[in-house]
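Chains as they are written, first to last, in the numbering used here: chain A, 1 to 113; chain B, 1 to 115.
No lab work stands behind these hints: they were computed from the structure.
Treat the hints with care, as some may be off.
[Stated by the list, open to error] Derived DSSO-like pairs: lysine-lysine, alpha-carbon spacing no greater than 30 Å straight-line:
1) B:9 x B:22
2) B:19 x B:40
3) B:19 x A:110
4) B:41 x A:58
5) B:9 x A:110
No experiment lies behind these values; they were computed from the predicted model shown.
Chain by chain, the residues run as shown.
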Amino acid sequence: AQSVTQLGSHVSVSEGALVLLRCNYSSSVPPYLFWYVQYPNQGLQLLLKYTSAATLVKGINGFEAEFKKSETSFHLTKPSAHMSDAAEYFCAANTGGGNKLTFGTGTQLKVEL
Amino acid sequence: DTEVTQTPKHLVMGMTNKKSLKCEQHMGHRAMYWYKQKAKKPPELMFVYSYEKLSINESVPSRFSPECPNSSLLNLHLHALQPEDSALYLCASSQDRGNTPYGYTFGSGTRLTVV
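I would like the entire structure built from these sequences, with the hints used as guidance.
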């Protein structure tokens, strides 16, 4: 069965510092992978997605993620954190052919002055 | 229109009440979803509709009853809920093209409180 692991339920960075949120998947078949962001009391917004077209994926708000098959990872990065990036981030996977996303447990990003 | 609209945004209901949550999208998406999200947890899939037919029911209790009247609308009928059903209920939609999934578009959710 497909599973998604997000290391670190809480990550704290200083404003202007690098953001790195980790995501690993377990699947014998490389899945389609997504990062979503959720601000308080809101729904989930798609940041970016990997669908095998390119291993380095750029998303909205300056975020990007790199798919590494050898490491079964899809970590999310942003070169310089902004206060507005503080939110919950979810990694999700879909093995394709079905309408079912498997979510990681989420990472709460805190940005400090 | 690139949004999924959910109404109401907030709902408080008693355990004997009957209420409905509504979801609407006009993106031409043919798959629609209901998710339940508890605080500090990821969304949990409840139901999937594909081309207006129920394709996945994740063993959800019968006090939750989904309905898809047409390709743009999705309802979730609630009856005899329990306090532990209090949560954020999210609707989502996606294009449905077999083995080429697209990102899901989520609504902003209905915050449900059962008293």
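Quick rundown of the hints versus the structure:
Proximity of residue 9 of chain B to residue 22 of chain B is assessed by CA-CA distance (about 10 Å); at most 30 Å being required, the pair is judged to hold. Straight-line distance between C-alpha atoms of residue 19 of chain B and residue 40 of chain B comes to about 25 Å, which keeps the hinted pair within the 30 Å bound. At most 30 Å may separate the alpha-carbon atoms for a hinted pair to count; residue 19 of chain B and residue 110 of chain A exceed this at roughly 37 Å. Between residue 41 of chain B and residue 58 of chain A the alpha-carbon distance is near 26 Å, which keeps this suggested pair within the 30 Å criterion.
Our distance criterion of 30 Å between C-alpha atoms is met by residue 9 of chain B and residue 110 of chain A, whose separation comes to about 26 Å.
Violated hint: 3 only; the structure is consistent with all others.
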